[in-house]
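J.: Sequence:
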Amino acid sequence: MQGKAFWVGALGLCLALGGAFGMSRWHQYALEAERQRSSTPVLVALRALNQGEALGPFDFRMSAWPSDALPEGAVLDSAGVEGRVLNASLQAGEPILLGKLAPVGAATGLVQRISLGHRAISLKVSEASGVNGFVQPGHRVDVIAYLPGSASAGLAGLSAHSPAKTRSLIQDVLVLAVDREAQSDCYPGN
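Its first residue numbered 2, the sequence shown is counted upward by one per residue in our numbering.
These are computed hints drawn from the structure, not numbers from a lab.
If you're wondering where the values come from, they're calculated on a predicted model, not measured in any experiment.
Be careful, since some hints might not be right.
[To be verified] Cβ pair distances, simulated, as ranges: (1) Ile145 with Arg62: 41 to 49 Å; (2) Arg48 with Leu124: 28 to 36 Å; (3) Tyr147 with Leu47: 41 to 49 Å; (4) Cys15 with Asn51: 55 to 63 Å.
A virtual CB, placed ideally from N, CA and C, is assigned to each residue, including glycine.
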């Protein structure tokens, strides 16, 4: 009699565990089906993309995105996106937004990031004057000129000395690139 009770209990426990496992799987399936029903296909970046890059055919793909978390301006169709230039960098898997795309026909590279009516110049700086690598693309800086002092012979052999001076040439200038690195999220006109 005791052996029969043990087997009935073991069978009941197995049925309970099997039922719990089955309900868990069914619940996961139902949640996944609900997610599929409430998602929208969105264009996302396949790899990290830099500002100023033109989008190629292998840079993006369509991906299901939750409809309730769809970012404003998300690109829902891949038509007309290939060849467009990015106004901002994108991470892999990030949705491509219309606001991050330059107008059709925009130039690539640094020229795309220079505001209308402005010019870009390059300045040679040493590691010390370049703040030891702390200045990065997207930062804003002041450009200051250092004018060394001079000594000259004056009356009666006395030397006249003019002190060294600094002059502020321009202020609040956007750094577009440092060395050959031009990746940043600064927009033209900022």
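J.: Of the hints stated earlier, which fail here?
T.: Violated hints: none at all, because every hint is consistent with the structure.
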